[in-house]
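Required output: the full structure, derived from the provided sequences and hints.
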Amino acid sequence: MTAVDYLNLLISALLLAGIYAAMAVGMTVIYGVMKIVNLAHAGFLMLGAYFAYELFNRFHINPVVGAVLALPFFFLFGMGVHWLLVRWLPKSDTPTLSSLLLMFGFWQVLQNVGYLVWGTEAYSILTPLTISSLRMGQISVPKVSLVVFAAAVVSLVLLQVIMNRSWFGRSMRSVIQNPYAAQIVGVDDEKTARLSFALGTAFAGFAGGLLALLYPFTPDFGPPFLLRSFVIIVLGGLESVSGVALGALILALTETFSINVPFPWYSHGWTSYYLPASYQPAVSFVLLVVALLVLPKGIAGLLEKKWRTA
Amino acid sequence: MADGMKPSRALLGRLLKVFLPLLLLIILAVLPQAGLSANLMRLLFITAVWTIASLGWNLLGGLAGQVSFGFAVFYGLGAYTTALMINAGRSPYFALLGSAAIAVLASFLIGLPTFRLRGPYFAIATIGVGEATRVIMNNLDFSGGASGYRIIEHGTFQPVAHYYTALGAAALAVGVSSIVAGSKFGLALRAIKQDQDAAAAVGVNPYLCKLWVHAVAAALTGIAGGIYARYAAFIYPGGVFAFQTSISILLMPVIGGIGTVWGAVLGGVIFGIVEEELVVNFPNIHLLLYGSLLILIILFEPDGLVGLLRRVARRFRRRSEDSGSSNPDEVLWGRSRLEGREL
Amino acid sequence: MSSSSLVKRIKSLAVLTLLVAVLGVIGATAQDEIKIGVVLPTTGAEAKAGQYQKEGVELAIKQINAKGGIYVKEKKKKLPIKEVFYDDGTDQAKSSSLAERAMTSDNVTAMIGGYSTPLGEAESVMPDRHQTPWITAGAAATSIFSRGYKYTFGALSPIFQLGFTTAEFLGSLVDQGKLKKGLKVAMVVENTDHGVDYVNGIQDWIKKHPGYFEVVLNEKFEYKATDFSAVLQKIKTAKADIFLSDAHLPDYITMQRQYLQAGLHHQVISYGARGPEADARKALGAGTDYILAALWWSDKLPYPQAQKFVTDYKAAYGRPPDSWYAATAYDAMRILAQAIEQAGTLNKTKIRDVLAKTELKGSLLPGQVLKFGPTGQAGYPFLVTQNKPDNKVDIVYPKDAATGPPVAPIP
Numbered sequence: 091m092t093a094v095d096y097l098n099l100l101i102s103a104l105l106l107a108g109i110y111a112a113m114a115v116g117m118t119v120i121y122g123v124m125k126i127v128n129l130a131h132a133g134f135l136m137l138g139a140y141f142a143y144e145l146f147n148r149f150h151i152n153p154v155v156g157a158v159l160a161l162p163f164f165f166l167f168g169m170g171v172h173w174l175l176v177r178w179l180p181k182s183d184t185p186t187l188s189s190l191l192l193m194f195g196f197w198q199v200l201q202n203v204g205y206l207v208w209g210t211e212a213y214s215i216l217t218p219l220t221i222s223s224l225r226m227g228q229i230s231v232p233k234v235s236l237v238v239f240a241a242a243v244v245s246l247v248l249l250q251v252i253m254n255r256s257w258f259g260r261s262m263r264s265v266i267q268n269p270y271a272a273q274i275v276g277v278d279d280e281k282t283a284r285l286s287f288a289l290g291t292a293f294a295g296f297a298g299g300l301l302a303l304l305y306p307f308t309p310d311f312g313p314p315f316l317l318r319s320f321v322i323i324v325l326g327g328l329e330s331v332s333g334v335a336l337g338a339l340i341l342a343l344t345e346t347f348s349i350n351v352p353f354p355w356y357s358h359g360w361t362s363y364y365l366p367a368s369y370q371p372a373v374s375f376v377l378l379v380v381a382l383l384v385l386p387k388g389i390a391g392l393l394e395k396k397w398r399t400a
Numbered sequence: 371m372a373d374g375m376k377p378s379r380a381l382l383g384r385l386l387k388v389f390l391p392l393l394l395l396i397i398l399a400v401l402p403q404a405g406l407s408a409n410l411m412r413l414l415f416i417t418a419v420w421t422i423a424s425l426g427w428n429l430l431g432g433l434a435g436q437v438s439f440g441f442a443v444f445y446g447l448g449a450y451t452t453a454l455m456i457n458a459g460r461s462p463y464f465a466l467l468g469s470a471a472i473a474v475l476a477s478f479l480i481g482l483p484t485f486r487l488r489g490p491y492f493a494i495a496t497i498g499v500g501e502a503t504r505v506i507m508n509n510l511d512f513s514g515g516a517s518g519y520r521i522i523e524h525g526t527f528q529p530v531a532h533y534y535t536a537l538g539a540a541a542l543a544v545g546v547s548s549i550v551a552g553s554k555f556g557l558a559l560r561a562i563k564q565d566q567d568a569a570a571a572v573g574v575n576p577y578l579c580k581l582w583v584h585a586v587a588a589a590l591t592g593i594a595g596g597i598y599a600r601y602a603a604f605i606y607p608g609g610v611f612a613f614q615t616s617i618s619i620l621l622m623p624v625i626g627g628i629g630t631v632w633g634a635v636l637g638g639v640i641f642g643i644v645e646e647e648l649v650v651n652f653p654n655i656h657l658l659l660y661g662s663l664l665i666l667i668i669l670f671e672p673d674g675l676v677g678l679l680r681r682v683a684r685r686f687r688r689r690s691e692d693s694g695s696s697n698p699d700e701v702l703w704g705r706s707r708l709e710g711r712e713l
Numbered sequence: 248m249s250s251s252s253l254v255k256r257i258k259s260l261a262v263l264t265l266l267v268a269v270l271g272v273i274g275a276t277a278q279d280e281i282k283i284g285v286v287l288p289t290t291g292a293e294a295k296a297g298q299y300q301k302e303g304v305e306l307a308i309k310q311i312n313a314k315g316g317i318y319v320k321e322k323k324k325k326l327p328i329k330e331v332f333y334d335d336g337t338d339q340a341k342s343s344s345l346a347e348r349a350m351t352s353d354n355v356t357a358m359i360g361g362y363s364t365p366l367g368e369a370e371s372v373m374p375d376r377h378q379t380p381w382i383t384a385g386a387a388a389t390s391i392f393s394r395g396y397k398y399t400f401g402a403l404s405p406i407f408q409l410g411f412t413t414a415e416f417l418g419s420l421v422d423q424g425k426l427k428k429g430l431k432v433a434m435v436v437e438n439t440d441h442g443v444d445y446v447n448g449i450q451d452w453i454k455k456h457p458g459y460f461e462v463v464l465n466e467k468f469e470y471k472a473t474d475f476s477a478v479l480q481k482i483k484t485a486k487a488d489i490f491l492s493d494a495h496l497p498d499y500i501t502m503q504r505q506y507l508q509a510g511l512h513h514q515v516i517s518y519g520a521r522g523p524e525a526d527a528r529k530a531l532g533a534g535t536d537y538i539l540a541a542l543w544w545s546d547k548l549p550y551p552q553a554q555k556f557v558t559d560y561k562a563a564y565g566r567p568p569d570s571w572y573a574a575t576a577y578d579a580m581r582i583l584a585q586a587i588e589q590a591g592t593l594n595k596t597k598i599r600d601v602l603a604k605t606e607l608k609g610s611l612l613p614g615q616v617l618k619f620g621p622t623g624q625a626g627y628p629f630l631v632t633q634n635k636p637d638n639k640v641d642i643v644y645p646k647d648a649a650t651g652p653p654v655a656p657i658p
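Going line by line, the protein sequences match chains R, W and A.
In my numbering, each residue's number is its place in the first sequence (first place is 1) plus 90.
In my numbering, each residue's number is its place in the second sequence (first place is 1) plus 370.
In my numbering, each residue's number is its place in the third sequence (first place is 1) plus 247.
Calculated directly from the structure, the hints in this document are not laboratory data.
Keep in mind the model is a prediction, meaning the values are calculated, not measured.
Worth double-checking, as some hints may not be accurate.
Said to hold, decoys possible - Below are the DSSO-like pairs computed for lysine-lysine, each with C-alpha atoms no more than 30 Å apart in a straight line:
hint: 1; chain 1: A; residue 1: Lys282; chain 2: A; residue 2: Lys314
hint: 2; chain 1: R; residue 1: Lys233; chain 2: A; residue 2: Lys309
hint: 3; chain 1: A; residue 1: Lys529; chain 2: R; residue 2: Lys233
hint: 4; chain 1: A; residue 1: Lys309; chain 2: A; residue 2: Lys282
hint: 5; chain 1: R; residue 1: Lys281; chain 2: R; residue 2: Lys181
hint: 6; chain 1: A; residue 1: Lys314; chain 2: A; residue 2: Lys618
hint: 7; chain 1: A; residue 1: Lys635; chain 2: A; residue 2: Lys555
hint: 8; chain 1: R; residue 1: Lys233; chain 2: A; residue 2: Lys639
hint: 9; chain 1: R; residue 1: Lys181; chain 2: W; residue 2: Lys563
hint: 10; chain 1: R; residue 1: Lys233; chain 2: A; residue 2: Lys486
To be verified - If you only want the chain R side, here are some residues facing chain A, beta carbon under 7 Å, derived:
hint: 11; residue: Asp95
hint: 12; residue: Ser102
hint: 13; residue: Ala212
hint: 14; residue: Ser214
hint: 15; residue: Thr217
hint: 16; residue: Gly227
hint: 17; residue: Pro232
hint: 18; residue: Tyr305
hint: 19; residue: Leu343
hint: 20; residue: Thr344
hint: 21; residue: Glu345
hint: 22; residue: Thr346
hint: 23; residue: Asn350
hint: 24; residue: Ala367
What the hints assert, rightly or not - Covered stretches of chain A, going by a simulated chain R footprint (3 or more residues, C-beta under 8 Å):
hint: 25; stretch: 283 to 296
hint: 26; stretch: 477 to 483
hint: 27; stretch: 494 to 500
hint: 28; stretch: 507 to 514
Quick reminder that beta carbons are idealized off the backbone N, C-alpha and C, glycines included.
Printed below as a string of structure tokens:
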């Protein structure tokens with residue numbers, strides 16, 4: 091493999107990381123504040139994708155704009171879901187089985203709604219942008235991926251700003267750190283929970299809209315993204331937003347390079363062995379397990395420790 | 371037994387506890403002779419298989435409180451082991467033993483590293499293990515890879531033999547679960563579920579206990595997979611190792627009533643019979659119904675159907691006795707098994 | 248445990264047992280109709296194709312019933328067909344279970360089902376077990392038919408042949424001078440029986456014709472994967488001239504999209520049995536131009552019966568048949584009806600015997616005859632189609648069915 095090939099791989103890994111980060115952020119917010127592992131995240135991604143599609147198809151709205159429009163729409167939707175279902179869950183500072191199962195049930199319902207409304211077709215969004223690439227010598231970068239990457243980065247920055255600069259962000263962070271202490275200092279945890287859930291849902295819808303630009307989607311669109319989100323959140327630290335970016339980067343790099351980089355292997359003499367492409371998903375999962383065992387608080391937790399002792 | 375109960379009533383209760391399941395077993399065993407339709411036999415068979423897996427998961431997840439999302443690993447390994455052994459000429463019952471053994475081995479391999487993790491981390495790790503196993507199995511050639519593996523059937527199909535195997539194994543699973551639940555080991559598991567550190571403080575070794583119950587749970591689930599494989603004669607990784615399968619195995623005891631033996635059985639019944647009827651009669655909305663059922667259970671009766679029945683019974687009893695005394699179960703195990711409990 | 252809660256428990260269990268017993272009671276089977284079981288996925292990953300196959304079967308049933316049904320000599324009258332349909336949700340366990348239900352509880356005379364190989368494999372255990380004839384119009388892996396089963400029939404020619412025909416066609420391009428000799432081939436196929444058979448077919452042809460092509464990459468990807476960027480990178484590194492893949496519809500769309508985004512280019516591209524699907528055209532537009540596909544049927548076939556089928560299908564469903572899915576299912580139902588009529592009875596074993604020998608003349612499929620081979624699998628020739636610009640599709644092979652010239656290398 092030449093240097094150019096490596097560069098191409100790196101670039102596609104980076105772009106992939108952007109997408110993964112956008113997709114995982116919604117889940118992190120909800121987990122951090124409410125300690126709910128949101129399995130319905132897959133359903134929100136799917137709805138976000140269809141939302142962007144419908145806006146594109148009916149009103150000819152640019153899908154990126156559509157994804158941005160998904161933010162307020164899904165924010166309200168998330169508030170509604172919280173009010174209807176989530177607020178009845180028992181509060182806890184660790185995840186409960188009930189929350190897991192509730193969100194799973196809700197996901198099934200969302201899937202079925204998807205089937206009823208849109209049928210079994212695989213929808214895609216086709217714009218002139220979709221298959222065009224930016225060519226720089228031997229390196230080609232798909233334009234859509236760039237757009238999605240940019241949007242993802244912007245959304246992460248936005249979230250970070252909200253978390254650090256706004257009242258709401260501050261209450262969110264305090265609840266993430268210690269919900270009981272937060273209540274003592276006067277944070278309305280019910281309101282914070284509702285807004286956080288809404289925010290997480292909004293980002294999920296946004297990510298879904300972005301994903302619609304890249305992949306075809308059907309109502310059972312969620313599971314591979316859901317599982318990857320898990321890996322990212324664990325890698326990045328279950329409670330850290332900037333950790334998500336890091337986790338996404340690691341996952342994307344691992345997935346991309348694991349099957350393209352030769353490992354030395356001894357079999358009648360030293361040869362280089364390429365991991366067969368079909369093992370690629372296993373890599374992410376093994377990574378997940380290793381990360382859990384070795385770095386229970388994720389990479390961000392490790393860094394945090396370093397900072398604290400410094 | 372609670373105070374205020376007459377000794378004869380206690381005896382009656384105990385007798386019913388043992389006698390009733392035996393009666394049910396005898397009825398089920400005799401049904402084929404009394405002319406059971408092929409379709410009903412098939413449904414009962416599926417129910418029995420699911421019940422075994424459900425009881426297995428319940429031991430780890432319900433009693434010990436360690437929620438695993440990766441039980442498909444044991445189900446699948448059990449299925450493949452039985453399939454491979456039958457094709458190699460072994461008797462199916464010996465093959466089932468092999469399935470249990472392999473599942474137990476796998477449970478140690480998985481449990482040794484992951485039981486050091488707590489709460490959600492353990493659950494997520496099990497997801498990782500489950501999916502990694504599926505992908506690896508997809509790539510192994512000797513077991514057919516992603517194309518799946520087929521058992522070569524000799525002789526005519528004997529549905530009754532499959533039925534009795536499943537029924538026997540289900541009875542075994544109920545027996546094992548009851549014994550574990552009622553034993554000192556079971557008590558230790560419940561202590562771990564409530565508060566692992568407190569349990570350790572009073573002399574329980576959580577790590578070892580978790581490993582052992584994991585082994586028993588895996589063995590039962592492996593047997594379920596083996597029985598299924600023998601019946602279906604074709605298995606493939608995308609089916610028996612699927613994440614969906616892990617979820618199904620988890621959902622059964624939760625819907626039926628997590629932590630209780632009868633809850634796990636009820637969950638198996640629901641999966642075996644109700645799910646198929648839902649799919650058949652409401653093909654377009656079965657996911658919706660299924661999800662809604664789950665949501666309703668979580669919101670209104672986290673203890674599953676058993677909890678629901680208990681509540682009804684309590685209301686019944688309160689009307690007749692008006693004792694106002696609290697349910698001894700409540701005192702021992704808190705208001706709800708599911709609610710507010712750590713993963 | 249208190250006794251009255253126990254009593255409640257007993258009562259509920261008894262009710263449940265009764266419920267189970269009641270559910271198992273089979274409704275009285277009407278004797279004046281022929282029940283045909285159909286188990287196909289209309290939800291889940293293969294819902295699209297499953298839906299099309301269902302439509303094909305139902306169109307045939309409608310047309311047969313419009314004429315009064317199938318004449319059964321034993322009953323001395325025409326009996327209408329009643330379809331017993333179950334959606335298996337692309338789940339293999341459900342598929343085999345529902346097939347068994349159709350054969351035992353509903354007591355169907357015969358079954359059509361099994362779209363996509365794993366579901367077909369799962370269902371194929373049941374026909375011999377319950378001695379009910381079963382035809383699949385959607386599963387073509389040879390392994391289903393190499394077990395000595397007597398009641399399984401496949402209306403699709405083997406995938407091995409599909410790969411072989413593709414390679415044969417490419418070889419003919421070399422002979423015509425459109426492609427140079429000795430080109431490098433990269434094969435990346437889905438990790439299933441389908442993919443494996445396909446690769447074997449291609450490699451078999453290449454081996455028999457040395458010097459034509461050289462295989463430089465032979466890998467499998469996970470079926471239903473979402474992201475192929477890493478795989479495509481491997482393909483890029485292989486620096487091949489020809490890219491051959493075998494995938495199901497969703498993977499085809501995703502992979503081709505990412506292929507284009509990665510700026511890849513080869514002289515020939517094929518995705519096995521996928522190519523002209525409407526969804527793909529809609530999703531990628533000009534990005535699917537010049538893709539080859541080896542298919543069991545195409546709506547461009549010039550046979551009058553094929554064109555009549557296209558017209559009837561359009562009238563019934565408001566859109567033309569997409570790719571080959573509905574056509575093979577349609578003819579599977581027709582050959583089944585023919586076999587029942589020729590057998591003159593609803594006896595399943597006799598119908599099976601007739602199915603093994605009968606020929607459906609005037610079939611829509613290439614060759615115009617549908618006949619099951621000794622293993623139960625049909626063996627008619629494949630078509631190779633190529634997507635052309637402006638949403639057109641041409642049949643480019645074999646010569647006598649061609650509607651347009653092949654374009655190679657891809658501009």
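Report holds or violated for chain R covering the stretch 494 to 500 of chain A, Cβ cut-off 8 Å, minimum 3 residues. holds (count 3)
Quick one, are Lys181 (chain R) and Lys563 (chain W) close enough, alpha carbons at most 30 Å? Cα-Cα ~18 Å, so holds.
Does Tyr305 (chain R) meet its interface restraint, that is, does its C-beta lie within less than 7 Å of any C-beta in chain A? 6 Å, holds
Are the Cα atoms of Lys309 (chain A) and Lys282 (chain A) separated by 30 Å or less? 14 Å, holds
Are Ser214 (chain R) and chain A close enough, Cβ to Cβ, to be under 7 Å, as the hint says? Hint on Ser214 (chain R): holds, closest Cβ of chain A at ~3 Å, below 7 Å.
Can the restraint linking Lys282 (chain A) and Lys314 (chain A) be considered satisfied, given a maximum Cα separation of 30 Å? 17 Å, holds
Would the hint linking Lys233 (chain R) and Lys486 (chain A) be met if the CA-CA limit is 30 Å? The given pair, whose Cα atoms are some 23 Å apart, holds under the 30 Å limit.
Given Asp95 (chain R) as an interface hint, is its Cβ closer than 7 Å to any Cβ of chain A? Where the cut-off is 7 Å and the nearest Cβ of chain A is about 6 Å from Asp95 (chain R), the hint holds.
Within 30 Å, alpha carbon to alpha carbon, are Lys281 (chain R) and Lys181 (chain R)? 13 Å, holds
Can we keep the Ala212 (chain R) interface hint, with Cβ of chain A closer than 7 Å? Holds: closest Cβ of chain A sits about 5 Å from Ala212 (chain R), inside 7 Å.
For the hint on Thr217 (chain R), does the least C-beta distance to chain A fall short of 7 Å? Cβ of Thr217 (chain R) sits 10 Å from chain A, so the hint is violated.
Whether chain R covers the stretch 507 to 514 of chain A (at least 3 residues having a Cβ closer than 8 Å to its Cβ atoms): holds (count 4)
Hint check: violations occur at hints 2, 15, 16, 19, 20; the rest are consistent with the structure.
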